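Peer 1: Please take these sequences and the hints and turn them into a complete structure.
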Amino acid sequence: MDDRSLIARVQAGDPGAERLLYDRHVGGVYRLAYRMTGDTDLAREYTQETFIRAFERIEQFRGDAALGTWIRTIAGTVVLNGLRKVKRFRQREVELDEGVAHAVTPRSAEPDLKERLEQAIEGLPTKYRMVFVMHDVEGYTHEEIGAALGMPAGTSKAQLFRARARLREALSDFAGEWAS
Amino acid sequence: MSDDRFEEFLREAAEHYHVPPEVPREDMWIAIAEARRRSVRRTRRPDWRAWGIGIAAALAIGVGIGRISVGARPLVPVASAPTPAGEAPGIPVAYQVATADHLGRVEVFLTGFRADARSGRTGTDVTPDARDLLATTRLLLDSPVSDDFVLRDLLEDVELVLTQIAQYSGRPDSSELGLIDDSIDQRSVLFRLHSATDATPDGMPYQGAL
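As given, the protein sequences belong to chains X and R, one line each in that order. Counting along the first sequence from 1, when you hit position 83 you're at 83 in my numbering, and nothing is skipped either side. Counting along the second sequence from 1, when you hit position 138 you're at 138 in my numbering, and nothing is skipped either side.
By construction, these hints were calculated from the structure, which means they are not laboratory data. Each hint should be verified, as a subset may be incorrect.
[To be verified] Per the computed footprint, the stretches of chain R lying under chain X, defined by three or more beta-carbons under 8 Å from a beta-carbon of chain X, are:
hint : segment
1    : 9-17
2    : 29-35
3    : 92-104
Since this is a predicted model, take the numbers as computed values, not measurements. Glycine residues also receive a C-beta, built at the ideal position from the N, C-alpha and C atoms.
Peer 2: This is the structure we're talking about:
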């Protein structure tokens, strides 16, 4: 069933079509939410909220964009807003996690590349991180990112460039890894 | 070192960043369907809100009048009528569910505690449960749930009562039980808990409060 027929059936209240729409897109939404949060509960919450909103607003969907793009737009908004809301809690969690890590990790141990990269990505401004994760990790195009985050593709490119520059700087100790 | 090599390296390394687990499709679908069902019920039956407020207010006034007439207890301020169905702007669904579940457990615990206290069967065995519930109450107070002033007010009162119970010495002849009882009464905690968790006409426990 193509998107147009699927949307028409969902708009008509067909529960089977709703489930089909969900099945087609839930994987991508959940992956993005999890990549951004690193937390199964938050990923679930954001994914659920995305589809609740999508079904609530499906009547307004006129097919100007692809269905996947439209759902990603909702997901992008939900994830970014959600991350802002829970920022305080996330910071607390990170502090607690760091406290535990310090308690069990020998002082002499240097963070390995994976750990340093994770810290560097976490340290990016949320929108840069979103663009980086969508492009370099999940493989979205700049056009798709721009549509999902409500900005021109050029802005997505610029933000990715800045994100990479920050990561390069943060990972300068490991330059040999990519220079060799 | 070229940009291309760094980008290639970065892409490969970043693949391991927050690798998603298996998608919990069915669980999320059930939660979505449930949330939508509640939403449809709210949309179709908005008159329940008025009924909910009216019933809660009538009960609160009735309790107040009863207390004046028997003179056994001081008049307490009318309990805040819990916000009816659909009045949880901005509170994520997961928090709503967690709050409803928690308030239900607190209600059961306090009801049991009171019954035991009045029959002289209360001991320190209640304090671990009170501490657990207190910890959850404080987590909720520090969550987006506290943006709802009615819920925050209720949770703060629950926190006070649970703190008292968590510190209970277990001496039946002390005045502690009386103070706890008064705390429950003076802020109509049980009544508000009951209204918040169970007073909805359609049986969805958290809709009465959230």
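Peer 1: Run every hint past the structure and note whether it holds.
Peer 2: Comparing the hints with the structure gives:
As drawn, the segment 9-17 of chain R meets chain X at 8 residues by the rule of a beta-carbon pair under 8 Å; at three or more, the given contact holds. Residue count for the segment 29-35 of chain R with a Cβ under 8 Å from a Cβ of chain X: 4. That meets the three needed, and the coverage hint holds. Requiring three or more residues with a Cβ within less than 8 Å of a Cβ of chain X, the coverage given for the segment 92-104 of chain R holds, as 3 such residues are present.
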